[in-house]
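Visitor: Based on these hints, arrange chain A on the given structure of chain D.
2 protein chains.
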Amino acid sequence: MNYIFLLIVGLLTMSATSYAQLSPAVQKVREYRMAHEHTIIQEFREFLTLPNLATDSINILRNAQFLIRMMQQRGIANVQLLRGTKSSAPPAVYGEVIVPGATRTLVLYAHYDGQPVNPSEWVEGSKPFAPILRTAALDKGGTTVEFPTGPTHFNPEYRIYARSASDDKAGVLAILEAYSGLRKSNITPTINIKFFFEGEEEYGSPNLGDILATHSALLQSDGWVICDGPVHQSGRKQVVCGVRGDVGMEITVYGPKRPLHSGHYGNWVPNPAQKLATLLAGMKDAHGTVLIDDFYTDATPFTQEERDAIRAIPHIEEQLQREFGIAKPDGAGKNLLELLNLPSLNINGLRSANVGTMVANVIPTQAIAALDLRLVLGNDWQRQIGKVKRHIEKMGYYVLDREPTDSERIQHSHIAKVRVASGYNAQRTPLRHPLAQSVVKAVQTSSEEPIVVVPTLGGSLPLYLFESILKTTTVTVPIANHDNNQHAENENIRLQNLWNGIETFAAIMSMQPR
Amino acid sequence: MNYIFLLIVGLLTMSATSYAQLSPAVQKVREYRMAHEHTIIQEFREFLTLPNLATDSINILRNAQFLIRMMQQRGIANVQLLRGTKSSAPPAVYGEVIVPGATRTLVLYAHYDGQPVNPSEWVEGSKPFAPILRTAALDKGGTTVEFPTGPTHFNPEYRIYARSASDDKAGVLAILEAYSGLRKSNITPTINIKFFFEGEEEYGSPNLGDILATHSALLQSDGWVICDGPVHQSGRKQVVCGVRGDVGMEITVYGPKRPLHSGHYGNWVPNPAQKLATLLAGMKDAHGTVLIDDFYTDATPFTQEERDAIRAIPHIEEQLQREFGIAKPDGAGKNLLELLNLPSLNINGLRSANVGTMVANVIPTQAIAALDLRLVLGNDWQRQIGKVKRHIEKMGYYVLDREPTDSERIQHSHIAKVRVASGYNAQRTPLRHPLAQSVVKAVQTSSEEPIVVVPTLGGSLPLYLFESILKTTTVTVPIANHDNNQHAENENIRLQNLWNGIETFAAIMSMQPR
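Residue numbers (the numbering used here), protein chains in the order written: chain D, 1 to 514; chain A, 1 to 514.
For reference, chain D alone in the conformation it holds in the complex (with noise of 0.2 Å):
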């Protein structure tokens, strides 16, 4: 453990601060928290219920509404929604706070839109936006309790169940927390706080550019916070300096214009979800690499800074073997940190006609794949869905961006429709700016084990916007537990991992100045 927080601590050029101490201000913020654990949750439920699809344009801005009330309330100064050009976008909710004499100005970034919900797939008797109190895990036995009526202390343990429990909502009440904390403990922070919340960030963030255009004089700062996704999966907090880009694509491929009885049309009319397999199939090895021609070609090497700081990663591979039940990974003997650096292809779901209960004996009319490609430093998200189109015209489809139609039908064997959702490119900070070094040494001071440093994480964020349009950096500091579900059913927030999150930006704003 030593061996390995020195190793970090060397490679920043840190030395002072002991990872044993936790700071002054770090210390009243738990003893606030301690005091006040009923009325977080209280609050933090009543967010939850929100439905918050960045698509739900009514109630996404019920969830906007919200957050105002919450900043207003905890005295947070110039509250407002910040939009783009384009009124019917979610907003952005902002505001801050200017303390005298400070010499930074960091924005820190959550969002507070989730993903799709499918509730039929949740466990049974739960809701997506119906907060559940579990005792933990549900594949630890986790059971359901009651959440208590008055005031009292969590067993940190439990964990609460919703969407965006921990995707990324508990971000938003980790950042306001900290600061409520910091406040009612009269510590003055040691820099300018500019909030900043997202609410179309799990849509693609169609629109951030534009808010950010829009109001890049507000928005001026040394550089953003971005408090989204989990910490290390060894438990440990961590900071992450870049991320990977992200784009999904849909392919559709046809069978006959109506469903056919497969018992008087089977070996005759060609079936679309076997022509689907045997596209997705192609794309790639028993190893899970990709096949298209030129998919790995753009990809940035690590630096040898970044390979330095890998390397003082503590492994995790066996424990998330046993924990996810996988006997043998891909990636040809890589380990997960060094293909994470590679771009991916992963389908993220299947569709044909109807299986189980619902099945019924037909040739179906079409077969749908969803898609998405993660991209890292040096791939272009457009580039990258151009190498997978031209794959599948390779494979002999005749490539569109809609329906066929009858006539086309009858020209082509094999047809594919893609669609492509809006895209981004991967982002790094290096290790050896100063906004990572003051980061990682404010977040030691909310640890009392060493903290992970990580050059690139494997989720996405569009944070090259925050390069390209205000022209500064980001670093990534996630505070959920690893196992917390997110993008999927019964997604949650371990109540540990939220108190450590206040902790964690409570660090931030009174980190020492420079």
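Treat the hints as calculated values from the structure; they're not laboratory data. Fair warning: this is a prediction, and the values are worked out from it, not measured in the lab. Some hints could be false.
Pairs count within a copy or across copies, as identical chains cannot be separated in the list.
Unchecked claim - Subject to a maximum C-alpha distance of 16 Å in a straight line, what follows is the list of computed EDC-like cross-link-like pairs (lysine to aspartate or glutamate):
| hint | residue 1 | residue 2 |
| --- | --- | --- |
| 1 | Lys-257 | Glu-318 |
| 2 | Lys-184 | Glu-31 |
| 3 | Lys-387 | Glu-250 |
| 4 | Lys-441 | Glu-317 |
| 5 | Lys-86 | Glu-46 |
Guide: Chain A in isolation, oriented as in the chain D frame:
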């Protein structure tokens, strides 16, 4: 046309009947129907509003009770529910008309249960159990019209849309209305008629054998005439002497135990949808030929007589390709009828996580494929399933019939759960069998065009049971339009097909005494 017909006539050694001559009984029943279209359709609509999934035990009984009333109102004798030893299974509905002096007894079969429905797949504004009248097929621009409120003569190109409108409540109605027509026209049937309406055909007839065995004395006959499936795609009436067998299976392959963020783990955690695609892709080549070892080896080829009959059937492949929008059929150049005498493997449905508006950036926990295997003479359904299972094992899978345990997950990189539904074998009655010859001759008296005689249908019915349990034989006389969307959303019956079906069964009930 004449040439083809003469071939069929020659083959079946019929000589006296001219195909252009409708029998007097058929003419009378046509007059009856034309005078009663409104009430016929009114009763049919009421029948179609009853949900009829075999496993929906309350509703399936409501259908049976409705049938009992229909039969009693028509003066059919000895009407009763037939049950086997399992009282919870859907009963068959039985009735009889014993004709003094008749030397032949035929059982007329149809089924009153239907395929599962996914209402969300039906065209907007329609529900599977709320029949809708349309002016033509949906894909031919058919528009919804109100059902008339009083006596009327329907445009025979109109269609009724509802689950089981063709498969197979149309069969039930055609048989009962054929009898009504004869009775109201004071024409005595030439045969003893036993009516047998099954209630779980679409569920694989798990209790049919039991019901037949339990009531074998009551069901004594000279053969069964099965009313199910569509007429020939050319629009001509057809008599079918065999059916394929069928068995359904579901394959589930596994990814991580919980859904994982595709960013944090993409490239490292194996994707179950990718695995399933690879597994399915390996089952068929580019022509749709099944690559599973010995898949085709048990199939009994057509006899010379059957090959001759096949040659007499009009080719409709080009018409179907246009209709279905298919540039290139499967089968490596073999025609549709040849291919229907080969076993098939079809993907009926695929499912893994979500696509479309519900898509999330996850690595799914599992991926499911529903398959059905059609079987021909010579195939045993359990042996055929065994070949597929061995193939999956050969592809490196550990095959289970239940969910894997945690320790199995960590031991085996490829795990497949294979669930097999109850299946049954193919059946074929020789074309020269007296029952086949009598029915062909009778049906021809109800058609102004030469009818089509088919050695085997591509579809399936559990007809082997009649041979094995009752030591009797069957021929199938379908009546539905071939473009009826049976087994799928927007199922429909074209009214002219319903009218023709009534006449077909009137002709069978008044067939020439032997």
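Visitor: Are the hints correct? Go through all of them and say.
Guide: We went through each hint and held it up to the structure:
Only between protomers do Lys-257 and Glu-318 lie at most 16 Å apart by alpha-carbon distance; the minimum there is 15 Å, versus 48 Å within a single protomer. Only within a single protomer do Lys-184 and Glu-31 lie at most 16 Å apart by alpha-carbon distance; the minimum there is 11 Å, versus 92 Å between protomers. Taking CA atoms no more than 16 Å apart as the test, Lys-387 paired with Glu-250 passes inside one copy only; the shortest distance there is 15 Å, against 34 Å between copies. Neither within a single protomer nor between protomers do Lys-441 and Glu-317 lie at most 16 Å apart by alpha-carbon distance, with minima of 27 Å and 74 Å respectively.
When the C-alpha separation of Lys-86 and Glu-46 is checked against a cutoff of 16 Å, the pair qualifies neither within a copy, at 29 Å, nor between copies, at 52 Å.
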